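Taken in order, these protein sequences are the chains called A and B.
Remember, our numbering sits 759 above the position in the first sequence when you count from 1.
Remember, our numbering sits 9 above the position in the second sequence when you count from 1.
No false leads were mixed into what you were given.
Chain B residues, not near chain A, derived (Cβ > 10 Å throughout): (1) 20; (2) 38; (3) 229; (4) 233.
To give an idea of the chain A side of the interface with chain B (calculated C-beta under 8 Å), a few residues: (5) 784; (6) 831; (7) 834; (8) 851; (9) 855; (10) 862; (11) 868; (12) 900; (13) 951; (14) 997; (15) 998.
Below, in silico cross-link-like pairs of lysine-lysine (DSS-like), each with a Cα-Cα straight-line distance of 30 Å or less: (16) A:952 to A:798; (17) B:41 to B:270; (18) A:798 to B:175; (19) A:801 to B:175; (20) A:933 to A:952; (21) B:42 to B:270.
Quick caveat, the hints were computed from the structure, so don't treat them as lab data.
Just so we're clear, the structure is a prediction, and the values are computed from it rather than from any experiment.
We treat Cβ as the ideally placed atom computed from N, Cα and C, and that holds for glycine.
Listed below, chain by chain, are the residues.
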Amino acid sequence: MAMMRYAEALNAALREEMQADPTVFLFGEDIGRYGGVFKVTKGLREEFGDLRVRDTPISEQALTAMAVTAAMTGTRPVLEIMYADFVPLTLDALVNQASIYEYIWNGQVTMPFVMRTQGGGGSGAGAQHSKSLDAMLAHIPGLKVVAPATPADAKGLLKAAIRDPGPVIVLEHKLLYNMRDEVPDDVVVPIGKAVVRREGTDVSLFATSKMVHEALAAAERLAGDGVSAEVVDLRSLRPLDLEAVVASVAKTHHAVVVNEGWRFCGYAAELSATIMDHAFDELDAPVARVTLPDMPIPYAETLESAMLPSAETIRRAALDTVR
Amino acid sequence: MRNAPSPEDHLEMYRRMCLVRELEEELGRLHKKGRTRGPIHRCDGQEAVGVGVTAALGLADKVTTTHRGHAVYIGKGMEPGPVVAEILGRATGACGGRAGHMLIADASLGMIGGNAIVGAGIPAATGMALSAQVRGTNEVAVTVFGDGASQTGICHEAMNMAGLWKLPVVFVLEHNHYGLTVPTEVQSAVDDFALRAPGYGMPVETVDGNDAVAVYRATADMADRARRGEGPGLIVANTYRVEGFSTSDMGGYQDPEVIAKWREHDPIRIAFDALEPTFGAERLTEMREAAAREIAEAFEAAFEAPFPTFAVDAASAPYTAAQN
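So that you can see chain A by itself, here it is in the shape it has in the complex:
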């Protein structure tokens, strides 16, 4: 067990998997000499060399397409897309290539590639560097999407993603990279397993990534309001741990889904519909959603912070639901 920042935990996962498997290699913009814009790949080029830690041209579309086929032919590439906002450049490779081959080719190929990217608002990065595109990615059959909230999960989920036989997208959060916490030495977190971060009996707060921390802060305030909130960190957006979701709703009978993406056709919409499909009889109130309003993310701090979900907006949604 060691204290580590989230970025260091990701770095440790990459180092350990590269040491264990010579077919794991990294590529992406600025990841080699510079060590990554968020320093996740720091020191790895020095340790593993240019062949396995490669600075690339600014070519997200081709890089992702190449990761897919490199993965089909005997390697395990880990591609860094600097901002989730650039993922739309890669969509042909994800939507029309990576996600279909295992099925349409009848299992002839596997695609053990990982796309790491980071999203989320709160840093004043503006409309092209702040988005959370969870829903867009989780929509595609054949892709797996995970979003770690803690350093331990950052390490454990990335290790699981690298070992997974299929394409996995790891959504990191720019405001979590400096978060410090304990990380078990041999942590591997199975994809598709949620975790209860705080037990509660009155309302379930479902979240991923940075929103888990907002939900935990909301739960603290709700305790002061006399409401016992349970916080469930989904960790994996697809596949979803439906069993854990249903179990929590069956316990609290109230659900608030929190997501840093947009509301319309968003991940929160999918999750709330899923809860109604599978646990309607357990609900004492409609599922509440806390999301971004449907608009571009503005720059000024007063504008940006007003639109991001926060402990307070989550608290209010929970109070509305239980009362």
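Mind docking chain B on chain A? Use the hints.
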């Protein structure tokens, strides 16, 4: 230029081109009878590219092709039976009827695969070359793509990285002069695609794309170079799409005189004329007839084969395995 292919290899290329021609012509007939499904993109008249390129490769080498890839499928060693059954959507198809004619793959032969997103096969092969480089093998990846695909942005991104990293990939630009209904001169700022290569630090060779031997030699040379670690190369293979874009194409936009001229310059005729002094016309004619029989049998078997049955793909489902 190497002293290859051998006469026997050339003869095998002729046989495979005959198989593809018979396949294409039968697909055209079946479409008219309403017995095919979806658009089917014929490559008759262009067989020398797909067959010539693949004849120069080994089993471990990888190839990607376009939505017009029948000659590459057969060239890389797929048997007509599973190809035809896949085109007809049968359970006995190469991909169990899941892929259809545009997306066929046989990973065991390095045929991975057809691609119906124009341009997408180019970075696909480049990624396979990257894999070969990381693994330290001497495999080569080859992508066959059209002049239309060469206008896509991803073509340029992939060629740049291939040149930059000296990846073992051969880019084969099958210049058939049309992107769907639009002729090249309405799509490209330059008419000589060989000009692309110097921009990415690659050598280029322009060949008669209807001469399978010329295509073979150029591919073998570029592949040898790539295997030596000297990086990618571009081959511009000039040919012509004598049919429409697909079986659903209404046509009428091509000059009949140009089509007639290219039909005279037929790849199978060119191979026949080159092989006839060595093997004799009779043997070559017999091979063509045997190819026709083989294709007819493949269609007969496919029409008798069962359709696949539907099941939701559990691996694609959104919930955990425990919930399925």
